[in-house]
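> Sequence:
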Amino acid sequence: MSDPEHRNDSAAEPSPRAVDDGIGVATEEFRISMPIGIGAVLAALASLATCYSGILLTYLVGYEALSINPHVQAVLMWVFALLAVSFLWRDRKRHAKELPLVLGGIAAVILIVTLYFGYDERVEALAYVLLVIAALLNQNFILDALNHTVRNQTHEIEALNDRLTEKVKRQEGEIDRLARLKQFLAPQVAELVVEENSDELLKTHRRYIACLFCDIRNFTAISEAIEPEDVITLLQHFHDEVGHLVAQHKGTIGYRAGDGLMVFFNDPVPCDQPVLQAVRLAKEISEAFEGIRAPWQKLGHAMGLGIGISSGYATLGLIGFHGRADYTAIGGVVNTASRLCDFASDGQILLNQRALLDIEQHVETEELGERELKGIGGLVQIFRVISLFDQAK
Numbered sequence: 001m002s003d004p005e006h007r008n009d010s011a012a013e014p015s016p017r018a019v020d021d022g023i024g025v026a027t028e029e030f031r032i033s034m035p036i037g038i039g040a041v042l043a044a045l046a047s048l049a050t051c052y053s054g055i056l057l058t059y060l061v062g063y064e065a066l067s068i069n070p071h072v073q074a075v076l077m078w079v080f081a082l083l084a085v086s087f088l089w090r091d092r093k094r095h096a097k098e099l100p101l102v103l104g105g106i107a108a109v110i111l112i113v114t115l116y117f118g119y120d121e122r123v124e125a126l127a128y129v130l131l132v133i134a135a136l137l138n139q140n141f142i143l144d145a146l147n148h149t150v151r152n153q154t155h156e157i158e159a160l161n162d163r164l165t166e167k168v169k170r171q172e173g174e175i176d177r178l179a180r181l182k183q184f185l186a187p188q189v190a191e192l193v194v195e196e197n198s199d200e201l202l203k204t205h206r207r208y209i210a211c212l213f214c215d216i217r218n219f220t221a222i223s224e225a226i227e228p229e230d231v232i233t234l235l236q237h238f239h240d241e242v243g244h245l246v247a248q249h250k251g252t253i254g255y256r257a258g259d260g261l262m263v264f265f266n267d268p269v270p271c272d273q274p275v276l277q278a279v280r281l282a283k284e285i286s287e288a289f290e291g292i293r294a295p296w297q298k299l300g301h302a303m304g305l306g307i308g309i310s311s312g313y314a315t316l317g318l319i320g321f322h323g324r325a326d327y328t329a330i331g332g333v334v335n336t337a338s339r340l341c342d343f344a345s346d347g348q349i350l351l352n353q354r355a356l357l358d359i360e361q362h363v364e365t366e367e368l369g370e371r372e373l374k375g376i377g378g379l380v381q382i383f384r385v386i387s388l389f390d391q392a393k
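Following UniProt numbering, the numbering of the sequence shown begins with 1 at its first residue and continues without gaps.
One or more hints might be untrue.
[Claimed, not checked] Straight-line C-alpha distance at most 35 Å; calculated DSBU-like pairs for lysine-lysine:
#1 Lys97 x Lys169
#2 Lys167 x Lys203
#3 Lys250 x Lys298
#4 Lys250 x Lys283
#5 Lys374 x Lys203
#6 Lys298 x Lys283
#7 Lys169 x Lys203
#8 Lys203 x Lys283
#9 Lys167 x Lys250
#10 Lys167 x Lys283
#11 Lys97 x Lys250
#12 Lys169 x Lys250
[Stated by the list, open to error] Estimated spans, in silico, between C-beta atoms of each pair:
#13 Ile112 x Arg163: 38 to 46 Å
#14 Arg163 x Val113: 35 to 43 Å
#15 Leu357 x His237: 51 to 59 Å
#16 Lys167 x Tyr255: 33 to 41 Å
#17 Lys169 x Ile232: 31 to 39 Å
#18 His244 x His205: 26 to 34 Å
FYI, nobody ran anything at the bench for these hints, they're computed from the structure. We treat Cβ as the ideally placed atom computed from N, Cα and C, and that holds for glycine.
Please work from the sequences and hints to get the whole structure.
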């Protein structure tokens, strides 16, 4: 009777819940299937032991007189046999094999018929051989099904790992790409380009842009008069302040060149009034520069800032090599903005005529007349920005 009790205790133990990964599911299958499979084996062996109880008791105890009631013995024999068949029935759903159940059923029928309709030791022995074989086959099929499940789940885990590895590599590439884009695009613009996952925005193309150049005046003389570490500190402060403002206005930094830089608007992300955005940025850069140069002026180092803005069509795209490329603009509009910056005096924001036409309702200007600028064919009409009518906006 100890075996059935042991079986019930095992069946009553809570099995661990399956988790999302394949290993947890396999563990749950193992702990549910194994007790049931063993139960069929134990029930078959219990029926067999009951049949030969007299021989077992004589061998173990040593008294031939010890035996159990034949009617009780017969009932226990077929009860244990039917219990084994019931386990085989349940396990059939797990391994989808009919053979153990068929053999077990035949064995149980033979055993019952032999006990009540015509006893024959050889037929009884045959019934037990079939019953034990059925229980062992059942256990083997369960283990085979479990092994198949584990293999499948292992393949699924490997496939999942491959997908995760590919996803991590792709995300690492996006992070690297985003980091490179942030070198010349405003952070939010760079993120937009990466999110859209489209390199079309950065391919070579033409677009109408507003281009801004700014440059520190008297920088060469200052760099010769102060320590190199102080020069780096000055430039870092300047580019930190200007870069922050460019990001706020969603401009694109074409390139940095020591004491100056170039910014353009309306690419790669369009804006409604690129020239107006450029002038607003220029005004804020001028205001921020007052705080940058103040401590140096106290030390006797005079410096200034000139800004030039032009508008027109330019060719834009990535220039450089793999791993180190700049997204920039080239064309007459860029050259004009650069020369206007060179021509500007300290504190001046200069526009060409085309840029003024784009924002003449928003800005107050002073006409400086036509000037000949280096590298620009023909005379250039120049205007100095005095104030913005919508500066508060």
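> Now, for every hint given, state plainly whether the structure supports it.
Tested hints:
A distance of roughly 44 Å separates the Cα atoms of Lys97 and Lys169; the hinted pair therefore is violated under the 35 Å criterion. Proposed proximity of Lys167 and Lys203 is supported: the alpha carbons are some 25 Å apart, at most 35 Å. Restraint check: the Cα-Cα separation between Lys250 and Lys298 comes to about 34 Å, which is no more than 35 Å; the hinted pair holds. Between Lys250 and Lys283, the direct Cα distance comes to roughly 15 Å. Compliance with the 35 Å bound is thereby established for this hinted pair.
A C-alpha spacing of about 30 Å is found between Lys374 and Lys203, which places the hinted pair at or below 35 Å, so the restraint holds. With a CA separation close to 23 Å, the supplied pair Lys298 and Lys283 stays within the 35 Å bound. Among the hinted pairs, Lys169 with Lys203 is consistent with the structure: their alpha-carbon atoms are about 24 Å apart, no more than 35 Å. Taking the CA atoms of Lys203 and Lys283, the gap is near 31 Å; set against the 35 Å cutoff, the hint holds.
For the given pair, Lys167 sits about 30 Å from Lys250 by alpha-carbon distance, which is consistent with the 35 Å threshold. Among the hinted pairs, Lys167 with Lys283 is inconsistent with the structure: their alpha-carbon atoms are about 44 Å apart, more than 35 Å. A threshold of 35 Å between alpha carbons decides the hint, and for Lys97 with Lys250 the separation of about 68 Å lies outside it, so the pair is violated. For the proposed pair Lys169 and Lys250, the alpha carbon gap of about 29 Å is at most 35 Å, so the pair holds.
Restraint check, Ile112 to Arg163: a C-beta distance of roughly 56 Å breaks the suggested window 38 to 46 Å. Distance hint for Arg163 and Val113: a CB-CB separation of about 59 Å, inconsistent with the stated range 35 to 43 Å. Between Leu357 and His237 the C-beta distance comes to about 36 Å, which lies outside the given range of 51 to 59 Å. In this structure the supplied range 33 to 41 Å holds for Lys167 paired with Tyr255, their Cβ-Cβ distance being about 34 Å.
Evaluation of the 31 to 39 Å hint for Lys169 and Ile232 yields a pass: the beta carbon distance comes to about 36 Å. At roughly 28 Å, the beta-carbon separation of His244 and His205 lies within the given 26 to 34 Å, and the hint holds.
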